[in-house]
Structures are given as structure tokens and as C-alpha cells.
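Make the full structure from the sequences, and use the hints.
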Amino acid sequence: DAKTTQPPSMDCAEGRAANLPCNHSTISGNEYVYWYRQIHSQGPQYIIHGLKNNETNEMASLIITEDRKSSTLILPHATLRDTAVYYCIVRAGNNAGNMLTFGGGTRLMVKP
Amino acid sequence: DVKVTQSSRYLVKRTGEKVFLECVQDMDHENMFWYRQDPGLGLRLIYFSYDVKMKEKGDIPEGYSVSREKKERFSLILESASTSQTSMYLCASSFPSWGETQYFGPGTRLLVL
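Protein chains in written order, with my numbering: chain A, 609 to 720; chain B, 16 to 128.
Mixed in with the good hints there might be a few duds.
[To be verified] Using C-beta positions, here's what the derived DEER-type ranges look like:
| hint | chain 1 | residue 1 | chain 2 | residue 2 | range |
| --- | --- | --- | --- | --- | --- |
| 1 | B | R24 | A | R624 | 11 to 21 Å |
| 2 | A | E622 | B | R29 | 40 to 50 Å |
| 3 | A | M717 | B | K18 | 40 to 50 Å |
| 4 | A | Q650 | B | D43 | 20 to 30 Å |
| 5 | B | E32 | A | Q650 | 44 to 54 Å |
| 6 | B | M69 | A | T709 | 18 to 28 Å |
| 7 | B | M69 | A | G711 | 28 to 38 Å |
| 8 | B | L126 | A | P616 | 43 to 53 Å |
| 9 | B | P76 | A | G712 | 22 to 32 Å |
| 10 | B | K85 | A | T613 | 40 to 50 Å |
| 11 | A | P629 | B | I92 | 38 to 48 Å |
| 12 | B | K68 | A | N627 | 43 to 53 Å |
| 13 | B | K28 | A | Q653 | 44 to 54 Å |
| 14 | A | H648 | B | S82 | 23 to 33 Å |
Honestly, the hints are just simulated from the structure, not real lab data.
Here a beta-carbon is modelled for each residue, glycine too, at the ideal position from N, C-alpha and C.
Right under this line is the structure:
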């Protein structure tokens, strides 16, 4: 699985959009971009994933650049409950049943 | 919504005790996983199962065993707990597919004294 690089921490004001970047310059053609988050002392929570098109669900939007070497997770209206560590993971689509590898992630602090 | 539940959120055990951690998922997922998470070490896979009665070792199976008698339930057993097994234990499940997504339970924080 390709390596990812994320900033270690970010702040965001409550109610504003939080844009979390991820670099994955060695991504290969069959690898998906996944985002999970982990609130302190809880299990990781799946947010969204995509291959090459932008994706949106009830939690977030995922914007993947055309060359697929980077992506941005967007939380459109951040709340205090979005304070968590966010992990960007790149993983082969046919890697079903194998482990997830979490890097350092980005610690997002949403402030009032 | 996918629901993965774990039998305990917090557990305190003594060295040498046999410990059972249970995980149940309600989405009819074939795959189930047990990870442990430690500061600075990230997630490490202990065991996973891709079907009833099937199991595969992960990266750190020593000191652990697993049981999957029913599709929805995957148990992790610490045969003789040691202080090095103090950790956060996370269960996950997934449906085997292209672009498979793993869904996690809330975690069990185990302290071995």
C-alpha cells in the first residue's frame, strides 16, 4: 500500500469548513483513498473513500486531484464533536481481508 | 448502519488469567479482524477471519487465539494474560469486495496488572 503524508495537526473554527490534506504521490492505479477518524478512546470511524472521482456522503466530501497524488477531506460545517485524529489511507482495491495501516494522521481541533 | 459491538469497554485482569474479548457484528460480513492499538505503534493486526471456523494470523498472533463459531461473532482469547498485553483492542468487520471498507467497534481498553 502507498505511503501517505498528512500535517500532524490543524485547527478549525466551529461552523467553518475543515479541509484536511493528504499527499499520496506513489499511489498506483488500483489503490483507493480512504479516510477514517478516531475520537479519543474510541474505535476508528469510517468516513469516506474514493478511487478517482470526487465523493460526497452525509459526513464529508473527498476531493481527489486529477493525477491522484493528493486528496482533501472536507467537513463542510465542523462542530466540536469533529475534534479527532483523521487518518488518510491508501489501499489496493483488491486488498480485501487484509489489515489497515494507519499512519500518524492529522489531529483536528475544532474551536468555539 | 453497520454495528460492531464489543463485550466490554474497559477490563482489568491479573497476570496469568485467561481473558475473552467478544465482538459481534450485525451486517452479515464475512471478514472480521482483531487489532491492538498502542501509542506510537499504530494499529497492529492480531488475527482475522474470512469465514466461519476460518482464521489467519496477522502480524502479532503470539499469546492470542481466536474463535469464530458463528458468522456474526469473533472472539479473541488471551491464553495467559501478561502486562505486555495491556492495550486497546479493536474489532472490525467488512464485506469482501473491491474497495472493501472495514468498520470498527468501540474498542476494549484492557489493563493487565
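Checklist line | Earlier hints that do not hold, by number | finding: 1, 3, 5, 8, 13
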